[in-house]
Every structure is written in structure tokens, then in C-alpha cells.
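S.K.: Line order of the protein sequences matches chains A and B.
My numbering puts the first sequence at residues 1 to 322.
My numbering puts the second sequence at residues 1 to 339.
Rather than coming from a laboratory, the hints here were simulated on the basis of the structure.
Mixed in with the good hints there might be a few duds.
Some, not all, of what chain B presents toward chain A, calculated at C-beta under 8 Å [claimed, not checked]:
#1 45
#2 46
#3 106
#4 108
#5 109
#6 111
#7 113
#8 154
#9 157
#10 158
#11 191
#12 221
#13 257
#14 258
#15 273
#16 280
Taking lysine-lysine and the DSS-like style, the derived pairs with C-alpha atoms no more than 27 Å apart in a straight line are [unchecked claim]:
#17 B:75 - B:133
#18 B:150 - B:82
#19 A:218 - A:246
#20 A:205 - B:260
#21 B:260 - A:218
#22 B:150 - A:266
#23 A:40 - B:81
#24 A:266 - B:81
#25 A:266 - A:41
Where is the CB? At the ideal position from N, CA and C, for every residue including glycine.
What follows is each chain in one-letter form.
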Amino acid sequence: MSESLLRAENIVKEFPVYGGLFSKQVASVKAVSGISFDIKKGETLGLVGESGCGKSTLGRSLIRLIEPTSGKIFFKDKDITNIHGDDLRDLRKQMQIIFQDPYASLNPRMTIGSILEEPLIIHHLYKTQAERMERVGELIDLVGLRREHLSRYPHEFSGGQRQRVGIARALAVNPELIICDEPVSALDVSIQAQVINLLMELQQKLGLTYIFIAHDLKVVEHVSNKVAVMYLGKIVEMADADELYKNPLHPYTKALLSAIPVPDPKPRAERIILKGDVPSPMNPPSGCHFNPRCPWATEECRVQVPVLEEKVPKHFVSCIKV
Amino acid sequence: MPMSDTLLEVKNLRTKYRTEDGVIYPVDDVSFRVKKGQTLGIVGESGCGKSQTALSIMQLIQKPGVIESGEVIFKGENLLKKSDAQMRQILGNQMAMIFQEPMTSLNPVFTIGDQIEESIRLHKKGLSNAEIKTRAIDMLKLVGIPAPEKRYEEYPHQLSGGMRQRVMIAMAMSCNPQLIIADEPTTALDVTIQAQILDLMRKVQKEFDAGMILITHDLGVVAEMCQEVVVMYAGKVIEYGSVEDIFYRPRHPYTIGLLKSIPHFETGERLQKLQTIPGLVPNLYKLPEGCRFRDRCTYATDICAKQEPGLENLRGIHRVACHNHDKTRGPNEIEGMAR
Numbered sequence: 001m002s003e004s005l006l007r008a009e010n011i012v013k014e015f016p017v018y019g020g021l022f023s024k025q026v027a028s029v030k031a032v033s034g035i036s037f038d039i040k041k042g043e044t045l046g047l048v049g050e051s052g053c054g055k056s057t058l059g060r061s062l063i064r065l066i067e068p069t070s071g072k073i074f075f076k077d078k079d080i081t082n083i084h085g086d087d088l089r090d091l092r093k094q095m096q097i098i099f100q101d102p103y104a105s106l107n108p109r110m111t112i113g114s115i116l117e118e119p120l121i122i123h124h125l126y127k128t129q130a131e132r133m134e135r136v137g138e139l140i141d142l143v144g145l146r147r148e149h150l151s152r153y154p155h156e157f158s159g160g161q162r163q164r165v166g167i168a169r170a171l172a173v174n175p176e177l178i179i180c181d182e183p184v185s186a187l188d189v190s191i192q193a194q195v196i197n198l199l200m201e202l203q204q205k206l207g208l209t210y211i212f213i214a215h216d217l218k219v220v221e222h223v224s225n226k227v228a229v230m231y232l233g234k235i236v237e238m239a240d241a242d243e244l245y246k247n248p249l250h251p252y253t254k255a256l257l258s259a260i261p262v263p264d265p266k267p268r269a270e271r272i273i274l275k276g277d278v279p280s281p282m283n284p285p286s287g288c289h290f291n292p293r294c295p296w297a298t299e300e301c302r303v304q305v306p307v308l309e310e311k312v313p314k315h316f317v318s319c320i321k322v
Numbered sequence: 001m002p003m004s005d006t007l008l009e010v011k012n013l014r015t016k017y018r019t020e021d022g023v024i025y026p027v028d029d030v031s032f033r034v035k036k037g038q039t040l041g042i043v044g045e046s047g048c049g050k051s052q053t054a055l056s057i058m059q060l061i062q063k064p065g066v067i068e069s070g071e072v073i074f075k076g077e078n079l080l081k082k083s084d085a086q087m088r089q090i091l092g093n094q095m096a097m098i099f100q101e102p103m104t105s106l107n108p109v110f111t112i113g114d115q116i117e118e119s120i121r122l123h124k125k126g127l128s129n130a131e132i133k134t135r136a137i138d139m140l141k142l143v144g145i146p147a148p149e150k151r152y153e154e155y156p157h158q159l160s161g162g163m164r165q166r167v168m169i170a171m172a173m174s175c176n177p178q179l180i181i182a183d184e185p186t187t188a189l190d191v192t193i194q195a196q197i198l199d200l201m202r203k204v205q206k207e208f209d210a211g212m213i214l215i216t217h218d219l220g221v222v223a224e225m226c227q228e229v230v231v232m233y234a235g236k237v238i239e240y241g242s243v244e245d246i247f248y249r250p251r252h253p254y255t256i257g258l259l260k261s262i263p264h265f266e267t268g269e270r271l272q273k274l275q276t277i278p279g280l281v282p283n284l285y286k287l288p289e290g291c292r293f294r295d296r297c298t299y300a301t302d303i304c305a306k307q308e309p310g311l312e313n314l315r316g317i318h319r320v321a322c323h324n325h326d327k328t329r330g331p332n333e334i335e336g337m338a339r
């Protein structure tokens, strides 16, 4: 049951920056710089961080939607970093993705039925159209929409319903791992709760494994077994969700948690307000990337690059002060 | 309470849109008041009319929308009776707005300095250019922008999202407004930046002793910033009360549903099912008869289908529009849940 399903080793993704007279490469942006973790079957790994921390780039690299610059990815102990052709297509059957924006991720010219049928055709999963349509019917039931919706177009649906279609499309090929890239951040609170419940129900029913990318720490806490906090392309803290939220050790995690507005008007403990903005990943600060905003930073932090270490059993932190 | 405390009073405001598909009222019989130095929150989901309410107050409703009836009393005068020219004197001067999108609400072809100076020049006649510039730089300093003299010369694209929102606040505050209307001011920002901006807004409000209307869908932001809260649903105010009324003694099933559908910290409820409000927000063109929320309501009874509930007075300023407000699930549950 608890074998490792996906393992990432030292994933790096750099994007080149071109400039100058002949558009030569002048610099590179390290969107993801050296990330390792593993995730077990049936679990949910939450990836949190602010805009530009590289969480979506990481998610997309893991399923080879973009090619990592270096590092290795293992799916069920098989190295998938360099596979291509039929092997890669087979892999896509086992790994799917749900996108953030339900308005942009569905083709406006296709009916819901054909959107859901398409992956079945591409992967040659059923021989006849009747069989395919039966599967499409099952899928639409599974995500709580009605069969009469199949002949309609995306614009006829609300954001929450569209996100259900996106989920059904990801489920069509019976994947084992789904990357959920901010699946609820474009939705209203009451609809958000419906979609989160659906994702959790499906996970139980179908034994799915999720990598759940979000900037909302409350949502991530709610769905995840294990949480990794990212800052400028690196994991700064990773632990079981309970442990991470009860006992955050990295100053960035502490600040993130204290920054969340709590729906309770009682006055509360003084919050940690970070100074400044996230620095540009093109020109990250020396030493610890977090040092210019860190309330604990000393001279040492500007020189020494911290590594992710197990400071408490099963609780990894990347900070020399912890 | 003495009259002078009330800065703005909105009475039975109704805004109508007549379109090809029919007539709708995005703002339907909305009443509330804002006191000096206090913050009123307007919460609700997309399309509930919260932004339309703000635009109606400032008379910035675009065609085909018209304000059909009601009163907007600002410092004792009904704004709906004012001419466009008179409104221009008030907007940006005594009343200022902070918008959601710091990316699109600044003009990309003018420098930050030009944009802040524009409203000072318009409303504070008789200042010399040097005085105007000093004031603009002071405003940038006030909102915590490092190196304000340098930023003054820069264009919006050279600033980050949080910095642009600070510039928007500087612009809004440049003429010492008595009322600030902030429409989802932090929704586009990251949490750590949101915390900075909320802190700044509180500081600035205190400094100028201004009243504020804060429009948001985030109940956490409401709990931190507001003293009074209006909950809107499909154009109507369905519950109104102090922040404690809304969070500890909510009576409308929709308010209760909203509070329950947020994932909570520190409660050991992780990986559990979230309580949800079934169904969707109704289409304003096809509103159900009777109560607008009844299709999604677990407390709905026969009367809800027949008669639209009006706002009923409860304790203090607390009001609720629900036929079954005496049966809605007890407050202790909510109280136990919030921390």
C-alpha cells in the first residue's frame, strides 16, 4: 500500500533569458532549483508558496509537460525522466493534471461530451463509440453533473461546474496520479468547498494520489497528508501536514501561517509581517534566498546556503538558525 | 447614538439594469450606514451585487444601469440629488476608491508621481507645483514605499503588485478623504503582501479618522478589519450586524453556510468533508419566487416559497432576512469552530 509512487531527485528547471542585439542568452531564471521528495500511493502532497515560487513549474515538470533541466523523476521506481514516444504516451495515462482556470482550460468549441471523449480516443481505450460514450456517462455521474449536460458547451456552465468537467477529463483515462494545479482558487467559497469535497471523495473511491498545488494554506492543510512549502524555487520546509501546521520551524512558514486572516473577530497574537517583496528569481539573494525578508537573519545567512535537513524526525527544514 | 457619528447612510438603494434579457436589480433595497473612523464590510460571492453597491454610492453606474430609488446620505446631503459636476468635487476629494486590480487601475503611460499629483492638482487648488510634488512624495512615504523620490519618477510596470496597491492607496488618500471605498483591495495579492496592505490600510484609516467600506469575499479579512458587516446574496442584504453578531451569532442559513464552508485551522478537522451550500447562486433574470436562497437552504419551509422575507430586527443592530431565523442552528457550534 505505502510504496513510493513518484520520486523526484534534485529537479532543476531553468528558463533562458534572451536579450541584446542578437538575442543571445544573457541569463537564466532558476524557477525550480534542486527539489527532491517522494510521494506514496493514495497520499496527497500539498505544495504551497507565493506567486513565482516555482510550484506550478515543478508540477508540470513532474509529469513531463515541460522538460526539467536536470534531475531525475521515478514513477513506480521506473526512471521516466527521458522516456518519449509510446512510453511517454503510456505514462500520460497514469498521470493527469487539473488546471487552475476552468474558463481557459476547456475548448469553447467542443461539447462537454467530446471534451471527455477525446482522451479515450487518443489513448485507444475503447473500440466503439458506444463503449466510449458509456464511459463518458460514467464520468459525468462520478463528478456530479447530469448526462444531459454532455451535449452542452463550456460557456453554458458556471466556474464550479467547469472545474468538475476538468476533473472528469483528468479521470477519463483512469490515472493513478493527478496534479491539481490551483484547482479551486478561481472559485467562490461555497463552490470551492464543493469541489474540494469532490476531489477528496474521488481520492477515496478510486485510490488516487494527488499533488495539490495552491497558495491557500487553509485549503492545502485540509486536503494534504504531507506539505512542502516553497520559496524561490526551493523547498524550505516539508513535513506531515499536522506537524507542519502545529509546529512550523522555518521563519517563512511561520510568517505565512501568521499572515492568513482568521475568520474570528477576537483580537489575536501579534502577527509577523514580512518586509518587502519576493525577490526576482533571475537574481536571487546570496546565501539563504529568504535572508532579506527574514526577521532572524544574521551575517551568516547572507553567505551560507542552507540545505533541507531533518531537524525533527520526518520534519525537514532548510534554515541554519533552526 | 449621536447623528454626527454617521458618515454615510444608504437607504433602500435600488439599481436597475434593463437589458435584452429582461430587467434585473443587482442592488435591491440595500440599506446600511458607515460611521466615522469605522469599517463596514460587505461580503458575498461573485455576482451578489457588492461591487454594484459601491458603484451606486459613487454614482459610477454605467449604462444600461440606473439608480431607480433610494437615498445615499453623505455628511447629511443626498448624493443622488447632486449633479455630475458636484459629484466630481466629492469623488477623489472627500470620497476615494481603491480597486481590486492594481495592475489595471494605474495608467501605464504616466509616472507614479504624475498620477498621484493629478488628483491633488484637481482638488486642492492654489498649491504651487513644488508643494504638490512634496505632498505626492509625502504620500508615497506614508504608504511605506522605499526611496519615494526615486519611485516618483517611475512607471507602474516597474513596480510589483504590492507596491502598485500601495500607490493606489497613496492616490486615494492624497486629498484626505473622509470615506474610503475599497473593492477587494487584497484579492490579487499573495498572503504575506496582503498582510502588509491590510496593516497599512488600518494605519492610514486611523491617521485620517476616515470611514471605510471594505468589499471582500474573504471572511477572514472581514473579521480582522471590520466593526460592522453586511452579507449580500443575489442583490439583497440578507444579514446585517456587528462583526461579533455575524461570526458568533449568525442567523441566516447563508451566512452560516459560508462560515462553515471555509476550511479551518487548529480544529483537527483535517481531511474531513467540508460542509457545503448545495447548488449555485441564482440567475438574477430567473429569481425563484419567495426567498432567493430557498433552493439551497436546508431550513426552507412552505412559507419560504410564497413570501420573500424582509429584514427583521434582532438584538442591537443585528438584522436578518429569514422566515426561520429562530430555528437556524445554534451559534455555539460556530463559536466552537472559529478557533
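S.K.: Which of the listed hints are broken here?
M.R.: Those not satisfied are hints 3, 4, 5, 6, 7, 8, 9, 10, 17, 18, 22, 23, 24 and 25.
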